[in-house]
Structure formats: structure tokens, C-alpha cells
Amino acid sequence: MIKTRICELIGIDYPIFQGGMAWVSTGELVAAVSESGGLGIIGSGQAPADWLREEIRKVKAITNKPYGVNVMLMSPFVDEVMQVILEERVPVITTGAGNPGKYVPKLKEVGTKVIPVVASVALARRLEKAGVDALIAEGMESGGHIGEIGTLPLVPQVVDAVRIPVIAAGGIVDGRGLVAALALGAEGVQMGTRFMCAEECTISQLIKDRILKAKDRSTVITGRSTGHPVRCLDNRFTREMDQHEREGMLAAELEKLGIGKLRLAMVDGDIENGSIMAGQVAGAVRCIEPAAQIIQDIMQSAEQEYKRLSARFGDRRA
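At position 226 of the sequence shown (counting the first as 1) the number is 226 in full-length UniProt numbering, and the numbers step up by one without a gap.
No lab work stands behind these hints: they were computed from the structure.
Model, not experiment: these values are computed from the prediction.
A few of these clues could be false.
What the hints assert, rightly or not - In the BS3-like style, the derived pairs of lysine-lysine whose C-alpha atoms are separated by at most 25 Å in a straight line are:
#: 1; residue 1: Lys58; residue 2: Lys208
#: 2; residue 1: Lys129; residue 2: Lys102
#: 3; residue 1: Lys102; residue 2: Lys58
#: 4; residue 1: Lys3; residue 2: Lys261
#: 5; residue 1: Lys215; residue 2: Lys256
#: 6; residue 1: Lys208; residue 2: Lys261
Could you put the whole structure together from the sequences, leaning on the hints where they help?
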């Protein structure tokens, strides 16, 4: 069995995080992942605090295993969301779109582990100094808001720059990705796109079907001119955004066009006019299955890959 520092730090069986995706990672999916030995993470996005409290209590009603909440630090409700996290004594938070430093002391007081997402070595170093417990180094292969560095070059540079555990994210879909991440020095992986096709994920079936039909080149990046690039599956919405960018539309106007489009896809199932945030691994997702089966498949294939590599190197040494 593969065990790492991140398993010990959080109290999970397997070094697998399910990404905290807005409108995707609701209590049903999170509870299923955590109950199966991984870390399920609620995607709070820009939702109000009352919504988050309800999702947290869904999780608590199903499992007593560790779970997390992803906090988008640019949310207009971030302070209220953090208060709910403190009151509910959430075991783990992951953060994005900012520096959570000012919240770290109070979170530590209630025992919450703070694990920010980073896309650069510089931010990783700053956050380690701020007292966070671990980091998620996320490459640009991932879905949703992305940085400019790929997973393969980013992860080992972050690992070398800090002493705290690092989780690899972006472009990981199976046990081979887990073994590769461990080889880069990471102590776990975070995956989003594959968990979108978990049976317990409540997004529209139309979106799941769209992911299953995806190919290796089905994702595109929009919003580069705004400074906040996003990876999505190609559709009418992304093509219209690309056209507006090439015509020089102002960043503020482009951002307005994106408001509500994620919900339109994930909840309403509009596969053409919504924003289907998904990673480059969408083309490798083959079926809809229970979260527990996803986790078992990852761990079993990781063990098999490790044995295959051990045998190969053993033969070479002989």
C-alpha cells in the first residue's frame, strides 16, 4: 500500500485528493470520496456561506472521515465562508486565487489543515513562510483557472523549494499519474476531471457524456488576455470567447461574458453555451463509475505500475 506524509498529516488511507470544483464538488461526491479513503473537497466557488454550511452537513451525515473545502479567495463571501469553516471545524481547506495568510492563525487554532494551490515556486515559498501545512502544485494541464507552467516542470521545482508536503495536480487520471507524481517528489495527487464522471457527482449527465466523448485535443484555453486563463472543453461558448479576444474586446467585458457560464454547464447541462471546465485528461476518462471504484482503480494500477518498473530496473541491473 502506498502511504505518504500527506496520508499521515490528514488521516486518509490513500494519497488522493478530489479537486474542489465549483458547482461540481457537492456534498454527495465529497462524502463518497472521503468514505472511500481519499480526501473529498467541497468546491465553495462564489457560493454564499449558508450554501457551504449545508454541504458540509451533508458530508458529516454520511461519513466521519476527513474532508475538505476549497475556498476561492476572490469570492465576495470569503470572510463569511471562512467563518463557517471555523465554526464547523472543517479538517482541511484548500485555497486558490490569492494568499490565505491572514486566515492561517485562526484556522490553526481549530485544527484545520491549510493546503493552498500554487502555480509557481515564488508563491510556494511565500505560503510556506505563512505557515501552511502542505501545497498543491497545479500544472496548466488542469481544468478551470490555470497558470503558465506544466505539471512535469512545476512539481519537482516546488518540491525542491519547500520542506512541507507537495501534492501534484494537472494531467493526472490514473495510477500511472500517481506513480509519476511520486517520482517527481510529490506525496499525493489531486484529480478533478475523472471525479466529474463519478456516479455520485451531481452535475448534468449531458456534461458527463461530453467528457466521455472528449479526445486528447478537446480542451482549449480562453481568457488569456484577461490575465485569468481558463481551460475548458471546446464548444460554442469557447469559440465565441476566442473570437472576442482576437477582436480586442476589453478584459472587463470578456469577464462579464463568463458570469454564470459554469453553472449553465454543470447544473443546467448546456453543453454549447456553458463553460465546461475540464482538464486535458478528459480524453482518457472512459466510463462513469462509483467514486470508490475510481480510487481502487487508481491504487491498484499504481501498485501494478510500481511492480512493472521495479521488474524492469531489476532486469537492467542484472
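Going down the list of hints, with the structure as the test:
1. Lys58 to Lys208: holds (23 Å)
2. Lys129 to Lys102: holds (12 Å)
3. Lys102 to Lys58: violated (28 Å)
4. Lys3 to Lys261: Not OK: Lys3 and Lys261 at ~39 Å, beyond 25 Å, violated.
5. Lys215 to Lys256: violated (29 Å)
6. Lys208 to Lys261: holds (17 Å)
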